[in-house]
Structure formats: structure tokens, C-alpha cells
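Student: Assemble the whole structure, with the sequences as input and the hints as a guide.
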Amino acid sequence: MKNIVFSAVVLSTFFIMLSEKITATTIACAMIVAVIVTMLNKDRLSHFNYIELKVLHKWMHFIMVLFKEVVISNIQVAIIVLSKDMKLAPEIVRFESKLSSEVMRTVLANSITLTPGTMTVDISDKELWVHCLNGDYKDGLTELVLEDILHKIEGDLHG
Amino acid sequence: MADFLSILLISLGLFFFLVGAIGVIRFPDALTRAHGAAKSDTLGAALCIVGLMIKAGFTPVSFKLMLIVFFLWTANPTAAHMVAKAITVKKMTEER
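Residue numbers (our numbering), protein chains in the order written: chain A, 1 to 159; chain B, 160 to 255.
Calculated from the structure, these hints are not laboratory results. Since this is a predicted model, take the numbers as computed values, not measurements. Any given hint could be a false lead.
Claimed, not checked - Straight-line C-alpha distance at most 25 Å; calculated BS3-like pairs for lysine-lysine:
no.: 1; chain 1: B; residue 1: K250; chain 2: A; residue 2: K87
no.: 2; chain 1: B; residue 1: K250; chain 2: A; residue 2: K98
no.: 3; chain 1: A; residue 1: K126; chain 2: B; residue 2: K250
no.: 4; chain 1: A; residue 1: K126; chain 2: B; residue 2: K214
no.: 5; chain 1: B; residue 1: K249; chain 2: A; residue 2: K126
no.: 6; chain 1: B; residue 1: K250; chain 2: A; residue 2: K138
no.: 7; chain 1: B; residue 1: K223; chain 2: A; residue 2: K138
no.: 8; chain 1: A; residue 1: K68; chain 2: B; residue 2: K223
no.: 9; chain 1: A; residue 1: K2; chain 2: A; residue 2: K58
no.: 10; chain 1: A; residue 1: K87; chain 2: B; residue 2: K223
no.: 11; chain 1: B; residue 1: K249; chain 2: A; residue 2: K21
no.: 12; chain 1: A; residue 1: K21; chain 2: B; residue 2: K244
no.: 13; chain 1: B; residue 1: K214; chain 2: A; residue 2: K68
To be verified - Sample of chain B residues with no beta-carbon within 10 Å of chain A, all distances over it, derived:
no.: 14; residue: L211
no.: 15; residue: G216
no.: 16; residue: F222
no.: 17; residue: E253
no.: 18; residue: R255
Note that the Cβ used here is the ideal one computed from N, Cα and C, for glycine as well.
Tutor: This is how it looks when you write it as C-alpha cells:
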């Protein structure tokens, strides 16, 4: 129930923001559409369990770290692409995740793709198959700050 | 000043797009090409959009632009992952 209300509120605010004006018509339309969309996606609402006030600062930290990683990875890809001899030794390594929920593992897989030199190829249960541009990036995977933050968020939510 | 800053950011963003395009041509095989395409688009698009946000000022337009960054940053790795998965599946079936 809490998730349904939360989802409807978020969606209707989104609608109003996009329509750029607050009139009776837009608010009514926003609420009707938000409720319909929420009802159609009832079984996906459990994803909202991961957004709570007590873990909000950890999500902020996560976004900051992710942003830093994206900048670093872009500069590294630029250096590799523009270097005369590309030092490439691509390999696919197995990476075991300690995260227990599927949503968190999806977030982790997406952020691994955004971090330098690595790209998630496949996920099967707790195993992630990660493609590395170079052997050096493989070591960076074991001390992943992003996974620690996600692990802490999971711990805070489920005790 | 704001104009200068936004032009600078957009140029930087375009530089990263260019690097991504060169990467797609220069990388040796499909999986590494996906790397080039996935990485440089994220920062390139983000920088371009932040440049446009500075130009738009504090209006609903810049809020919408911020949402575009958010959706790009979630969609881009997912797309890269699907491409990578398709490539590996194809490789496996060819080896058999």
C-alpha cells in the first residue's frame, strides 16, 4: 500500500513537472494517469523498498562515487583510444557478488559497466561475468567501493 | 560568462563523443568496441546537457534536461550489456 501511494505521488509529480503548469486539468490528468500506470505495474513496486529516508545519504554517496568513476573511465577510454599502440589484452573474468537481492545486483552490474575498463557481459545468480579491456582492471574489481556501499544499504534495510 | 562556460562544456562533451566514435573504428573486436561506445557516450551526453542547462538557467527546462541525463545513465549500460551478451552468445554458438 505504501509503495502504491509513493509510486502514484512520484509519477504525478513527474507528469506535472513535464507539463510545466499547475492547473486543475493537469493535476487531474496526472493523478488518473499515475494511478493507471501504478496499477498496471503492481508487481514491480517492490523496487521502491530500496529508497528509504534512512539510506538516502548512502544513495547520495553512491551517486557521487559513481560520477567520479564515470569521469575517470571516460578519460581512460579516451587515453586508450587516442594512444598510438592500444595496449589491449581483453579477457572475461568471473566476479562473485555478495549482494543478495536481484535489484541491487542489477544496479551493481550497471555501475560496473560505467566504471573504468570493465563491462558486465552476463549475470547468472550471484556470478557476474565481466569483460576487462586489460588485465590491470581485473584487480580493481576486487576492491570495488560501489559494491561496499550497496552492501551497506542492503544491510541497513534488512538488518 | 555563462555563455562561455556552456560553450566550454558542450565542446568537452563533443570531444568525448568524438573519442567514442574513433574508438568504435579503432578497437579490434566487437566486445572492445562496445566498451568505446558505452563509456564515452555517458560523460559526453552529460557534459553537453549540463552545458545546455547552464544556458537555460533555473527553469523547468533544465529540470527536464537533468531527467534526460538520469535516463541516459541507466539506459546506456543496459544497452551495452545487451550488446555484449548478444556478442558472447553468438561467439559460443559459432564455436560449437
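Student: Could you run down the list of hints and mark each one as holding or not?
Tutor: Results of checking the hints against the structure:
1. Between K250(B) and K87(A), the direct Cα distance comes to roughly 23 Å. Compliance with the 25 Å bound is thereby established for this hinted pair.
2. Note on K250(B) and K98(A): the hinted pairing is violated, with a Cα-Cα distance of about 29 Å set against a maximum of 25 Å.
3. Using a Cα cut-off of 25 Å, the hinted pair K126(A) and K250(B) holds, with the two alpha carbons roughly 23 Å apart.
4. Distance check on the hinted pair: K126(A) and K214(B) sit about 45 Å apart at the alpha-carbon level, beyond 25 Å; violated.
5. A distance of roughly 23 Å separates the Cα atoms of K249(B) and K126(A); the hinted pair therefore holds under the 25 Å criterion.
6. Between the alpha carbons of K250(B) and K138(A) the distance comes to roughly 22 Å, so the proposed pair stays at or under 25 Å and holds.
7. Using a Cα cut-off of 25 Å, the hinted pair K223(B) and K138(A) is violated, with the two alpha carbons roughly 37 Å apart.
8. Restraint check for K68(A) and K223(B): satisfied, since their Cα atoms lie roughly 23 Å apart, inside the 25 Å limit.
9. For the given pair, K2(A) sits about 22 Å from K58(A) by alpha-carbon distance, which is consistent with the 25 Å threshold.
10. Pair hint K87(A) plus K223(B) does not hold up; C-alpha atoms about 40 Å apart against a cutoff of 25 Å.
11. For a cut-off of 25 Å, the pair hint linking K249(B) to K21(A) is broken: about 50 Å separates their Cα positions.
12. A C-alpha spacing of about 43 Å is found between K21(A) and K244(B), which places the hinted pair above 25 Å, so the restraint is violated.
13. Proximity of K214(B) to K68(A) is assessed by CA-CA distance (about 24 Å); at most 25 Å being required, the pair is judged to hold.
14. Every beta carbon of chain A lies more than 10 Å from that of L211(B), the smallest distance being close to 17 Å; the non-interface claim holds.
15. At the 10 Å boundary, the C-beta of G216(B) stays outside the reach of chain A, the nearest C-beta of that chain being 14 Å off.
16. Residue-level check failed: F222(B) sits 6 Å from the nearest beta carbon of chain A, not beyond 10 Å.
17. Chain A leaves E253(B) outside its interface by the beta-carbon criterion, the shortest separation being 16 Å against a cut-off of 10 Å.
18. Residue placement check: R255(B) keeps its beta carbon more than 10 Å from all beta carbons of chain A (closest about 17 Å).
Checked against the numbered hints given earlier, the structure breaks hints 2, 4, 7, 10, 11, 12 and 16 and satisfies all the rest.
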